[in-house]
Every structure is written in C-alpha cells, then in structure tokens.
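Student: The chain contents come next:
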Amino acid sequence: MIMSVGALAALCFVIATALAVANKYLQVDQDPRIDATFELLPKTNCGACGFPGCLGLAQAIVDGRALPGKCTVMTEDERNGLAAFLGIDAGVQEKVVARLACAGGTNVARNRASYTGLDSCRAASLIAGGGKGCFWGCLGLGDCETVCEFDAITMNEHALPVVSEADCTACGDCVEACPKDLFSLHPVSHRLWVACRNLQKGEAVLADCEVACDACGKCAVDAPRGVISMVNNLPIVDYSARHAAPEAIERCPTGAIVWFDEQRGTVTGNAARKILRHGARTGAPT
Amino acid sequence: MPVNKASNTDEFVKGLWRDNPVFIMVLGMCPALAVSNTALNALTMGLATSFVLLMSAICVSSLRHFIPRETRIVSYICIIASFVTAVDYLLQAISLELHKSLGAFIALIVVNCLILGRAEAFSSRNRLVPSVMDALGMGVGFTLALLSIGAVREILGAGSLFNVPLFPDGYQTWTVMVLPSGGFFVTAFWLVVVNWIHQRRALSP
Amino acid sequence: MNGTPALDKLPTSALAMYRSIMVIGALCALMIVTVFNATEARIARNREQALAAAVNAVLPEARVTVPVALDAAGALHTADVLPALPVFLGYDADNQLVGAAITGIGMGYQDNIRVLYAYSFERQAIIGFKVLESKETPGLGDRVETEAHFIANFEALDAQLDATGNSLANAIVPVKQGEKNNPWEVDGITGATITSFAIGNILNDSASEWVPVLEANRQVFAQAPAQEGNRGAGE
Amino acid sequence: MTSLTSRLTDVLADVFGRHTFGHGIHPPEHKEETRERAIEQFDFAPVLVVPLSQHLGKPAVPLVRAGQEVVRGETIAEADGFMSVAMHAPVSGTVRKIELAPSISGSMVPAVFLEPFPASTQEVSDGAPCDVETATPDEIIEAIQRAGVVGLGGAAFPTHVKLRIPDGNFIDTLIVNGIECEPYLTTDHRVMLEQADDVFMGLRYLLSATGAERAIVAVEANKPDAAERLRAACPDDLPVTVDVVPVKYPQGAEKMVIKALLNREVPSGDLPLDVHAICINVATTAEIGRLLPHGRGIQERVVTIGGPGIKRKGNYRIPIGTPIRFALDQCGVDESLSRVFLGGPMMGAAVSNLDIPITKGTSGITAFTTSETGDPYSGKPVYPCIHCAMCVEACPLYLNPSQLGLLAKTEQYQVMVDDYHLMDCFECGACSYVCPSHIPLVQYFRLSKRMARRQQAAEQ
Amino acid sequence: MKILHRQLEIASSPHVTSGASVDVIMRSVTLALAPVCVFAIYAFGIAVALVLAVAVVSCMATEHVARRVAGQPSSLGDWSVAVTGLLYGLTLPPGLPLWMVAVGGVFGVGVAKVMFGGLGSNAFNPALVGRAFLQAAFPQAMTHWTPLAGPARFTDVPTSTLALPFAQPTYDAVTAATPLAALKFEGTATDTSELLLGMTAGSAGETCALLILAGGAYLVARRMMNWRIPIGIFGAVAALSAVFTAMGASFPAPPGFMLFSGGLVLGAVFMATDPVASPLTNAGCWLFGALIGFLVVVIRLWGGMPEGVMYAILLANAVSPHIDRAIQPRVFGSVKS
Amino acid sequence: MSDLSHWSIFINAALINNFVLAYFLGLCPFFGVSSKLDTAVRMGGAVSFVMLVASVCAYGINHALELINAPYLRIISYTLVIASTVQLVEMLLRKLSPPTFQALGIFLPLITTNCAILGLALFQTNRGYGFSQSVVYALGAGAGFALALVLMAGVREKLDLASVPALVKGTAAALVVAGVLSMSFMGFAGLGA
Ligand SMILES: Cc1cc2nc3c(=O)[nH]c(=O)nc-3n(C[C@H](O)[C@H](O)[C@H](O)COP(=O)(O)O)c2cc1C
Ligand SMILES: Cc1cc2nc3c(=O)[nH]c(=O)nc-3n(C[C@H](O)[C@H](O)[C@H](O)COP(=O)(O)O)c2cc1C
Ligand SMILES: Cc1cc2nc3c(=O)[nH]c(=O)nc-3n(C[C@H](O)[C@H](O)[C@H](O)COP(=O)(O)O)c2cc1C
Ligand SMILES: Cc1cc2nc3c(=O)[nH]c(=O)nc-3n(C[C@H](O)[C@H](O)[C@H](O)CO)c2cc1C
Ligand code: SF4
Ligand code: SF4
Ligand code: SF4
Ligand code: SF4
Ligand code: FES
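Protein chains in written order, with my numbering: chain X, -1 to 284; chain B, -2 to 202; chain H, -9 to 225; chain R, 3 to 462; chain U, 8 to 344; chain V, 15 to 207.
Excised from the complex, chain X in its bound form:
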C-alpha cells in the first residue's frame, strides 16, 4: 500500500518536474486574448472585415489595429460583449447593405439568345455575354444568391435578386460574385439609387429593357445642384452631397432611378408608373 502510493507519487514527481522544466524552456508565448477574442467572433471567416478570416481580425483587435465594429456579421449585442470583454470601444459603424444596379427582370428585359450550359451567371457571361439583350443587365442565374452565406439574397419570380436588408451583413461576397458588377455596398442612408448600368442612350436602350436608363438627364436637372451628374450616359449620384432628395425620381420616364423610402419601400417616379405594368419592382430592399 505504502509502496504503491510512494511509487505513484514518485512517478508524479518525475512528471511534474518534466512539465515544470518544459514549461520554463519550451513555452511559446501567445496572447491568450487572441484565442478568447476568436472564440467570441462569429467564425464565419467571410472576410468582410478585410482581414484574413476571423482569426486575423481577432489578432488585429487584440493588437489594437481594429475595433470589433469591423466585423459586420456580429449582432450589436455580441459586438458590445466583445468590446466590454476587452475593455475597448466597439467602434460601431452605420449599417451597410448590398444594392443591385439593375431592374431588368424577365418581365421587362428581353433576351437576345437563349443560353444553355453551366447554370451560373459567371459562366454564362463568358458566352457572348450571356444572351441578355442589355449587355450590362442581370443574367438572373443567381450566383449572388448562391454565394451569400447569410441567405440575404433570394431570386424573385422575374429572376432578379432581392436583398434582405435585415440579413445582409455587407460581407461583399455578392459584389465579388456578380460578373456584371451589379452589386455595390452602400450605407442604408443612401436612398437615391440608379438601378441601371446601361451605357447606351435613347430608343436603342429601351428595345432591350423597358426600365433601362435612356440617359434623358431629367433626374440630373431635377435634383438639387451637384447631386446627380450624367457620366457616360448614366446618372451618377454624389452621396457625399448630403441633400439628395426624392424629387429627382419624379420625371424619370422609365423608373431607372428610385428612392428607397423607410415606410413605403421602393418608390418610382410618377412618370414611370405607367410603363411598369408587369408587377413589382425589384432589386430593392424588402
């Protein structure tokens, strides 16, 4: 009995010594807060923060190179929790969402050729642009929907993607995915929106899509000075000019420029309503 206890104690002594020695000479230092912070991050590794994955951001936050607000995926509670844990500022930013610059669903835009092949916008865009009449328009095969890890994008009945503002974390995957570069990230406060990328002007444009911008320039005239400028046959909204106003959309003949209203949702101008017979407008927040 004594023998056994002694033997085991001796064994433990040897092991403890080995560990103590190893602990002293072989220890590799790493700030334990990095792991802890990583644990608190969502671990989706979406990269929206601009760091290589969540571990990268954890490292950066602990090193003081970034604030928890960089992560667009965490809920506010989680962000504050992390900030409190590290005793730093959360650095919350305004909510940013993805917006689509095309409204040419199958109800209003025509296809020139019927495409067969891989079921992907990126693949289709390599085959004569994908066959859509408007070269700039959405191909509707849903690559953006597929890549969105947060299920924030759904394709509507006219094969146009619809972004759910609530779910969108502004990770930017859809921006990356769309071969027609139709998505961009905008703060929700950007309410004036040009839902078209067509660089042509006049009648030719409307032959391919009823809701295209035909570069008439009325919005640029109607908006307060300096808010909208016509560049390459498209209106460009200067969001830094904070006085963007809904009146710019009123006379748009096709409804290519819209206003996202907090209450009424997507609003098109009066002049455009007559043209749009075929159902709901799309590409707008729900």
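Careful: at least some of the hints might be erroneous.
DSSO-like, lysine-lysine: derived pairs with alpha carbons at most 27 Å apart [unchecked claim]:
{"no.": "1", "chain 1": "X", "residue 1": "Lys68", "chain 2": "V", "residue 2": "Lys50"}
{"no.": "2", "chain 1": "B", "residue 1": "Lys97", "chain 2": "H", "residue 2": "Lys120"}
{"no.": "3", "chain 1": "R", "residue 1": "Lys451", "chain 2": "V", "residue 2": "Lys50"}
{"no.": "4", "chain 1": "V", "residue 1": "Lys50", "chain 2": "V", "residue 2": "Lys109"}
{"no.": "5", "chain 1": "R", "residue 1": "Lys99", "chain 2": "X", "residue 2": "Lys216"}
Read the hints as simulated data drawn from the structure, not as lab findings.
Keep in mind the model is a prediction, meaning the values are calculated, not measured.
For chain X, the structure is supplied; the task is to place chains B, H, R, U and V with the ligands on it using the hints.
Tutor: Relative to chain X, chains B, H, R, U and V with the ligands alone:
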C-alpha cells in the same frame, strides 16, 4: 462578458440530443463502435463510462481552482485513470464474463475522448452542480447512443435483444452486424437518421 | 459559449504545479489501492472458479489439479507461476493421476485461438475440449464450440504414442466434414473449414509436444502432492 | 476515302512518333462543301461597323470624327502603343458616328460606323510601300503594324509583336501555318490555292524581319492540292519547304505544329520563341505579301461561310465591319437556323447578336440548324464524370480535364492552376468533344481561368 | 432584313460532340454481358435467371427510390445501375436465397453508390460492395455452391433459392466445391480447359472464361474499356503464381489454373475496369492491375479464404485515388526526363 | 511470453486486426484528420512514432510494476507516462517546428489521449510480448493505423469532388468508407499464419 445562462436542466438535456456526444460531437467513437455488438455490452459500457464521467466531473470541478493551467491535462488523466481502474476491478469482481466481453475497452475509458473533452471543456470552467448535470446528460446521451447502435447490431446480428431471442428458430443471423464493419454501417445509419431529423426540423419552422 | 476565457497570463509557480500533481497523484493511488484491496479476494475467486470450471469441463473426473511446467532442462516440475500456456495434471478423488488439461494456441481464421483440452492417460486419447479464447466469426468459426458432431471428435481422439514414445503414432489430422474414418482424424465443419482445421492442427502440435512429456513423467507424478490442494488460478 | 488514308498516315506517324503530336481527336471535317469554291468578293453592307479593338492588346485611337468622309484603305484609327495596330476604312463613305457596338464577347465596344458612298468606285488608296529588298527588320515590323496586320488564324494577336525578337534570342524556323484543322473552314485552303504568290511574298518579309534561316509551310494531309500548288509556286531562292502533316485536331495549334514539324515542345507557360520558332498563319502571311508592297492596310479578309444552316456556302472576301446579319442574308439561311458561331464548331464563339461585325479575327461563320445532330447540349443530359479518361486521352496538352472538371465544379480554382496546369489549356475543345457525360469542360475551364485570374489579382 | 427574329441559341464551344454517351457505354456493357448471363442460366438452371432478375430489380429500385426520395429525377436512364445489378447478380452463388440477393443489391447500390453521390461518385465498386456485404453477413450461404444443372434438373430450383426472407436456407443434399476450394482444401486441381469452358461450380457468371473474355474484347474494340487493367491483372497473377509456385508456396498454383479459376476473369474484365473506381491514366491502370493481381495471389495462397478477387478489387479501389494523385499525365511542355 | 513470430505479429497488427478497422481504436483522430491527405500522412507518422514510444515506455513500466507487485497501477501509470511523454514531444514540436505544429493543430493533444496508444500498451502487456515483439507490434499497429488513415484520406478527398448528399456528408460518409474498408480488410484474414 458572455454569461453562462443555461439552466441546470438545459445542461442535462443537451447531452441527450442537441450535443449528443456520439451522434453530434463524434466523441468517444471507439467504445461506441467496439463494444456495441450486443445491447448488454453497450449498456454496461455506457454505465461504466457514465460513472467515470460523473466522478471525474465532480473531482475536476471541485479542484478547478487548485489545478494550474500547465498541469491540467496530467491531473485530469490521473483522476480519470483512477476511477477507471476502480471500475475495472469492480466489474471484474461483479462478473468476469462481462468484463471479458468488454475486453480492453474498460481500461480504455481513460482515453475516451469524451471524458477528457468534457473535463477540459466544461467541468474545469463550471461550478459543481452544472458540471454534474452536464456529466449526467453526456453519460445518458452516450449510453443511449451506444444502446441504439447495440440494439440494431444485436437484433440483426444475433436475432436477440439483451440475449432474449426475438425470432423463431431458423432466423438467419446477419454475421456482418457483429463484425467491425457492421459497427461502422449501423453508426452511419444512425447518423443519417439524426441528420435527417435535423434537416426536417430546420425546414419546418 | 460556456464559461469565460481564461486570461491569466501569469506563469504558474513550480510549487503550485508540484503541489497539485503530487496531491492528486497520492489521492488517486490511495483510491486505487483501496479498491484493489477491496476487490482482490473476490476477483481471485472469480478467476479461480473460471479456470477451475474450464478444467473441470474438459476433465470432469479430476478433483485436484496441479499446474506443471517444463524447466530449462526439459524436466517437468510443478509450477509456481502459471506460464502463458498452462498445463494441469488432474487427480481424482483418490489422488490418482487421471489426466492432464493442456492449453494450446494457434492461428485460426482471424486471430489466434486458445484452447484447453484434456488428455487421458488411461485411454491415451484426447477426451475433452474447450475454446478459451477466439476471435472467430460468430455463427461460423465459433461453431467449433457448439456443433455437436465437432465436439464429438473429442470424446476420444486418438493420441497414442508410437513405439519410440517421442511422437504420436498417428498425427492428428483434420478432414472435411463427414470424411472421418479414423479415430485420430478430426471431423471438420462445412462452412467453418478453416477454424475446424485450425483446431485440429493446434491439437496435433500441442499433443505432439506434451503427450510424450507427460507419458514420460507419468510415474513421477502419479500421486497428487498432498498439501498443495487445488491451485490453478491467480496470475 | 481521303479521311481513311489520312487516318492511316496518322496511325503510321503515331507509330514512328514523327510529324504529329500525341493525343488529339478526329472530328468529321465537313470541308468538302466549300473547299472547291473559289474566293468571291462580297458586297458592301449599308452600314459597316469597324470596332476599334479587333485584336488582343490596346484598342486603336480613332483619327476620324462623325460626319467625316473617308476613302477605302485610309487609316481611320492609329495604333496606341506597341501592343496595338491601326485600322483602315473598309469602304469609301461617311463616318456616321463613333459609338458602342456589340461584339462577339457580348460586351459593347466603341466602333466607327461607316456608310458607303453608293456611287464610289471603291478604289483602294495606296500608302508608303515597304520594299522587301531594302527594308530593315524594324521597318518591316513597323510597316506590318501600320498595315493593321493581326493574326488571321483566329487569335488576332498583333503580328508585329510576335516578330520583334528580344535581344539575345533568335528564331531559326519560321512556320507558316496552313493546317486549318477546324471542321468546316476552308479559308486557308483557298488562300494557299489562289494566293500562293502572296504567301511567298509575305514569307520574304517575315524571313527578313525575323532573321530566320528557313521557313516551313505546314499543310494538313487533307489538302494535297494546296501543298502541290505551294510547292510548284515556291521561288527557288527562298529557304522554304512545304511539309504535309497528318490530319488530326488540333494539329493547327501553334504548340502542336511546332511539335509535329520540329519535335520541340514549347515549355508550359512559354512562347514559341523559347524554342526558336515562330508560327504565322498562312492567310496572315499572304495578307502581308499582298499589302506591304503597296503600303496598304487590312480592309477585308477571307471568310468561309458554311454549315448546314447556310444555303450558298462558300469562301468570300468580306469587308471588315460587315454585320453578320448582312453576310448571312447574302448567302441565305435555312428556316430552322438555330446557332451561329464565328469560326468553326470546335473553337468558334457563339453569336448572340447578329449585329456584330466581321472583324480581322473572323475566319469563318458556321451556322447550324435545329436538326444538326452534332449539337452538343440541347436534349443530351449532362451526366456526372465517370472517370472514363476519354478526355485525358484526347487532350493534346496532356492535361487532366477530368480532374480539372471536378475541381472546377467545386470551385477549387487555385488548385487547378497550381497542381493541374489550368492556364496551359488553350480551349481546343477536344475534351468536351469526346466526353460521354457531355460535361461542358471547356466552359468550366474558361470560367476557372477567369476566376483564378481574379483571385490572383485580388490577392495583389 | 427578315432573317432571325427568332432567338439564337448560345453555348460554349465546342459545338459538336463525338456522340459518345454514358448510356450508350452502359448499354454496351450489358450487351457484352448478355452471353455470360445466358451461359450462366444454361449452366446452373433457371435459378440463376431468378437471381439475376432479383439482383437487377433490387439495384434499380434502390436507386430509383433513393433519387425520388431526395427529390431528384430518376437516373435509371444512364443504365449504369443496370450494369451494376447485372454484374452483382453474376458474382453470386447460383443457389443463393433470393431475399439475400435483394439485401445485397439494396446495400450495394444504396450504400456504395447512392450515399456516395450516385453515378461517378462511388469510390468503391457498388456491385462488389453488395457482394462483400453478403459475404460478411451470410458467409455460409455465400460459400454454398450448387453443382451444374443437368438437363433434367434445368427447371428445378434449389430449395435454398426460395428460402423465406430472414429465414435460414435449407440446402439440397448435393453440393459442389469450387475449383479453388477444391485445390486449397482437398488438393485437387481442375483442368484449365474445363475452366475456360465454364463447366465447373462457382458464382453464376464467373465460370466461363471464354465468354467473359469475348465480351471484354467487344468493349475494348468499342473503346469503352481500358484493356490495360485486365492485362495488368492477368500478367501479375501469371507471373507471381509462377514465381511462388517455383519458390514452393503452401500449395502449387500453376498460372493457367490461377488465371482461369474463381472470379478472376470476370473481376478483371468487368469489375476492375469500372471506370469510376479505377485510375484515370494508362500508367495508373497498369499499376492498378498489377496491384490487384498481387493481392489476389497473396490472398489465394496465404489467406484464410480460397478466393480473393473481390477483396483485392475493393482494396485497389481504395488505393486508386492515390494512384491518380501520384500518376498524372506528363503535361505538354513540362521538362522532359 | 508469447512465441509468435515477428512477421506474424506485424501482419496481424497491421492488416488482419488493424487497430482502426478491426479493433476500433483511435477513431476520433481517424475521422478527424482523414479528410486531407497530407495531414493524414503526417498524423499517421505521428501516431506511429508515439506508438513506438508508448510501447517502449509500457514495457519498462510493466517490469517496474511487476517488481513492486502493483499491477493495479498499470492503467494509471501507462496513461500518465504516455501522456506526459507526448506532451513533451508536443512542446518540443511547437518550439522547434511551428509549421508542423500548426498543421496538426488541435490533433496533437488528441494523440495524447488516443485510445490506440493506450490500447497498444495494454494489448502488448496482456499478450505477454517480449521487448522485440512489443516493438514489432507497435510498428505493425502504427503502420496499420497510417495505412488506414491514408487510404481513408484518399477516398475522402475523392468524395470532396463528388456530389455526396447533404444527409451523408461528413462523418456519416466517413463511417461508410470505414465500413467498406473494414470489409475489404477482411480479405487479409488468415494471412498472419
Ligand atoms: C466474413 C467472413 C467470416 C468468416 N469467418 C470464418 C471463420 O471464422 N471460420 C471459418 O472457418 N471460416 C470462416 N469464413 C469462411 C471461409 O471463407 C471459408 O469459406 C470456409 O471456411 C470454407 O468453407 P467450406 O467448409 O464450405 O469449404 C468466413 C468468411 C467470411 C466471408
Ligand atoms: C502577352 C503576350 C506576348 C506575346 N509575345 C510574343 C512574342 O514575343 N513572340 C511571339 O512569337 N509570340 C508572342 N505571343 C503570341 C502567342 O505566342 C501566340 O502566338 C498568340 O497568342 C496567338 O496564338 P494562337 O493563335 O495559337 O492562339 C505573345 C502573346 C501574348 C499574350
Ligand atoms: C486549338 C487551336 C487550333 C488552332 N488551329 C489553327 C489552324 O488550324 N490554323 C491556323 O492557322 N491557326 C490555328 N490556331 C492558331 C495557332 O495556334 C497560331 O496562333 C497561329 O497559327 C498563329 O498565326 P497568326 O497569329 O498569324 O494567326 C489554332 C490555335 C489553337 C489554340
Ligand atoms: C467497363 C465497365 C465496367 C463496369 N463495371 C462495373 C462494376 O464492376 N460494378 C458496378 O457496379 N458497375 C460497373 N460499371 C457500371 C458503372 O460504372 C457503375 O454503375 C458505376 O460504378 C456507378 O457509379 C461498369 C461500367 C463499365 C463501362
Ligand atoms: S446580380 Fe449578377 S450574380 Fe446576381 S443573378 Fe444578376 S447577374 Fe447573376
Ligand atoms: S447580400 Fe451580399 S453583401 Fe449582403 S450578406 Fe449576402 S453576399 Fe454578403
Ligand atoms: S480544352 Fe483544354 S483541357 Fe480540353 S483538351 Fe483542349 S487543351 Fe486539353
Ligand atoms: S471524358 Fe467526361 S466523363 Fe470521361 S473522364 Fe473526362 S470529364 Fe469525365
Ligand atoms: S474514443 Fe478512441 S480516439 Fe476517441
């Protein structure tokens, strides 16, 4: 700071299904497959493991402030190994036959990833009562998982359940079920069933 | 997320480490020893019973068994420590040598098979057989333990020595089921040919080694060593 | 019969390991309908659309304004730097506008819209001639750039760029590629038959510009008449041989020609230059021989219009900028026309918009009807890859299309580039052609290359 | 201009295909197997027809139902599961209870094909997985061989065939030994000519080497099968058995006997060549064949069982991804050795 | 002491009674680290190495325990010694070759508590193997473990490119592969004779 809000019942229940050690966390697979060739073996193994799980949870949780970070693993192993040795001898004292049919796997409870995993992930960070609830939940979850595998294997492989014949004479036994490959297949089958239930749950809000 | 991340970066003092490990080690050792002491006797009894039951199964006449072993010089003597493949001499109620229970081992279908069989001095034959350990396929290989016609082989499997007394007169050979014509043949099992043949070969190998030795020492051990009693268990 | 004998030569060549390359396929050639038809001059369309970018490299810079009148052959856009070539007016007429016009890639590109003068004689204006006897290599290269010459074999790579040999390197063999392995196409065949003298004239310029010791004209065995004609017309003073190579697709690809003729392998990722060879299409060569002595520029090219969807199949000399719609109207199309591509069916690009113009790179217009049996995907189910290795046995570059296809499907683009040489694939289509599962491998690879490039760009 | 106001179709190049198609290939395999099936029925009686029918139906039904449950269109149209069913049936003992045939078919296709993702995804040969499962589940039934059917007994069905589901089969008194078992356990060798003609006991479709080889030759001629695999196997088996016999193996195994006995020919020609589970490159196929040959000889000569073709192919299936990784085609223009 | 030949011990441990496929030992790392081939190879190597170390340790400890007649300390002392040895190896690795450490990630600690290792130590003791037999046994078990792991990884990488149904993807698919492998390994039965 993130706070552990779960109630003690939650800690217990989660091991049964949501965090089931075998089907969800894929821990402790070795005994789950090796000694699940009959329902009785599965039950014995499940109980033995649960016992060790419970006792080590109690010790680890009570001693959690006493054990420094560096010696954590060694200490836990020491504690677990003692209880396993105890179980080993107790079982031999109870029935040599049963002990023999579980083979080396009683001793191998020491290295069952589940036990050390729970000690490390839960007991070492939580107070006594939640740790006990967690250990009980995990133990029962583990036992149920073993039993469900063991039952299928015994029914098909031997035509009996807990050594009670279920079929009339002339039943064709499925030898494969008591062989190693059968263990893999039955566990895979259960995993698919579990996944399927999860998928169904996810679909229906 | 359970618990809070541990943030103490302070290195632990060696003392704390020693303290924790040593204390835990000592407590554990104490517990193990206690349990061991408490169960030791019972386990020993279980073991004894198990082995005795096995020996009894193959050599029912024996009342007393004595383990024997060969020493380096090849002489037979009673064994204090059981070897890996123990051999027991069996004595009847009158302390007369009736037979021996011999352990044999050999490759079966899957892995090694360990068997215990009884040799009867009187009948010069193998008269009992039991599988101690096997990993043979249930329902196939393990039929060697249940199949009546196979067990019947060991009611009297001829193991006479030849004239020299150094080897069996007829080697024990396994044959396919239903083809047994001689008392030294082992009638195999269809569907478990490999296992049943393996048993035959194990018996042949083991008997070729042990029967000459036993027969040569038959007189020396004719009487049971009085005081030793029934030992046979305990490793 | 010819195809049988050529297949036989191919087998023999394979056995002796000479004169061709490994793997490859034998699609039906379908050349018999147009190869006998002499080149015909084409009419002018009501509006000609001359894109400023018809070549790889930078677009040309327009020299004309809307409303301006131009003479046929006049330079209407000049090269923008070395990786660019000039554009010439294909017709005498008025510049209507310079605006976006559709292109074969589907994108909208700037183009000069020209309206022909109805009454013009359409005389071609001459420029400063380049004398082959006296011009220095640099002068020839400059003249070629001024003439707007790009590869007429399909890739439309500016020819003068290829001819500029970097210091320290050299060319020993100039290969004139008259192989034309694409089914249906017979432009190079007709050029060799009808413009043999232009070819040899062009060769003089090219030999002089590159300093190559010799030239080989490579002709596929299915055009014995062309080989015959070239041999007969070959001037004695030129170090030129005419080599006949077995019929096999894609024998015409640069790397395959060089392998067949010189038994050299262009290293993966390198240029022919690195094995001291250069490969110029025979029509490009003929065009150089035709234009440079007069200082003219390219304003038309030979195009095979064929395929089951065309009524009057043939080889036509068509002004650059002619809309495809006009060209098809001229030749007549079948009621059930369903597909049109520029080039042949193996590598040709599908046309989604008939308003796109014929450019310098257009070697053929092939039209299929709905009944065309070779139609790949409509109606045929796409099965999963069964690892049959037919694609592996077909790929002339010895890639592993099967694995590449699986990787593409799971979007592992970087692995495709790093471990499976994705970037080597020249999209010949041999793998898709043989695949019994009808997997659109080429499309996968094109997409994957694009994605890999984007990922690489994003990383930098 | 009137042409084309209809929409054009666009797709990626190439715009033509060779016409090869998976369903054509698979149908050709069934065609190549047809004579083997007919011979099996001729040799072992009508029971084999039942076995084959149940095998094919159980395999096809499993795949069809699984696809339906998963909400996918049926994939019976690619014919691959028909090939699986047929080959699976041909590897079974002629008198196997029909319910066991169905169990193995469901397992082989359900587990080794559907669960891996269907056509093209199965890492192991589904037919053989089905058989291996039966061999492990019902080893007795799977090693019970009915003798050749005489003309009179052609219409007789062995009692075991019709055993009730889940019930142990009862066997007719007469049994036979396969040539390999006869050699291994009794030391009696069978004549090579007998093996070639197939008048021996064994699995339903494995006995007539000549017909199997003819079917294989047909597929090779149509370029639907890589001949390097069977040739690799035959070469390895012949060479190794000659060497081992010369070195004095536990029993003599003349190459001729080794080649044409057991499931070797059927396995080598039709099962090792399953494109899905074999390597891609030709060099890889040689290696794959040699590996199978090696394993077959080792298992036959030293293993517990008389036959090892099934296990050898399954093991080689597991090695095949490594072969594919190690042996890639030499890319054009990469440095020459 | 057992008198089996080294060859027979090796073949038995590596193929017939493969630790993973027949004895179900070390399944956690087997499923955890078998999805990529290169980690699988390294893990196989690491386990083989630790097995060797464990086998030698166990042999020594067993003798020591027999000396003081305390067989009941076997489990605890095997575990402790093996665990701390592995932990030392792990620390050394972390110090000397951070990339290797990184690659094996959280699985290095798993080796510590891998039942294959302890199983090996206990089996060799139960079977009464001598020193050289123990070493051969460890080598065989390690080779078998590595073989199973590598085969598994190859198949799983292939499955990565396949369209495995969502219900099966992951552990269930791995279990099926293990099952088929285990059935295939039955072909090796009897080879160790
Ligand atoms: C999974 C499996 C397990 C087997 N197990 C055994 C066994 O334990 N013992 C045995 O003798 N044969 C076993 N066999 C059968 C042998 O393969 C062999 O067929 C048989 O022993 C010879 O049978 P026979 O008597 O009909 O000639 C097994 C076969 C399989 C497929
Ligand atoms: C960036 C770039 C530079 C090239 N430079 C040369 C060159 O210096 N010399 C040359 O012979 N070809 C050069 N090439 C041309 C290619 O080798 C090839 O001839 C051309 O892309 C057309 O090939 P194809 O028609 O086979 O597709 C260059 C190509 C590219 C894309
Ligand atoms: C698959 C493939 C096939 C080709 N076939 C031909 C051909 O048949 N004839 C030809 O002149 N060029 C062919 N080319 C283009 C040649 O590779 C090479 O670029 C061309 O001959 C260079 O001449 P160019 O720049 O004057 O066009 C082919 C290219 C590829 C990738
Ligand atoms: C030459 C050839 C051999 C085949 N052999 C098998 C086979 O042995 N087992 C099988 O299930 N399928 C076989 N198939 C069919 C097919 O490949 C099989 O169903 C796939 O394994 C299913 O994904 C074969 C197909 C071909 C073309
Ligand atoms: S927005 Fe872009 S990615 Fe999304 S469906 Fe349209 S084209 Fe495709
Ligand atoms: S919608 Fe776009 S930006 Fe928003 S979460 Fe989805 S992929 Fe990311
Ligand atoms: S398209 Fe690319 S991969 Fe396919 S055969 Fe041609 S070169 Fe090879
Ligand atoms: S030809 Fe098609 S099916 Fe065959 S290996 Fe290549 S990609 Fe796969
Ligand atoms: S239980 Fe054996 S390794 Fe996890």
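Student: Between R:Lys451 and V:Lys50, does the CA-CA distance stay at or below 27 Å?
Tutor: holds (25 Å)
Student: Check the hint pairing V:Lys50 with V:Lys109 against an upper bound of 27 Å on the C-alpha distance.
Tutor: holds (25 Å)
Student: Is R:Lys99 within 27 Å of X:Lys216, Cα to Cα?
Tutor: Answer holds: R:Lys99 to X:Lys216 is near 24 Å, not above 27 Å.
Student: Between the alpha carbons of X:Lys68 and V:Lys50, is the straight-line distance 27 Å or under?
Tutor: Not OK: X:Lys68 and V:Lys50 at ~32 Å, beyond 27 Å, violated.
Student: Given the hinted pair B:Lys97 and H:Lys120, is their Cα-Cα distance within 27 Å?
Tutor: Given that 27 Å is the threshold and the Cα spacing comes to 16 Å, the pair holds.
Taken one by one, the earlier hints fail for this structure only at number 1.
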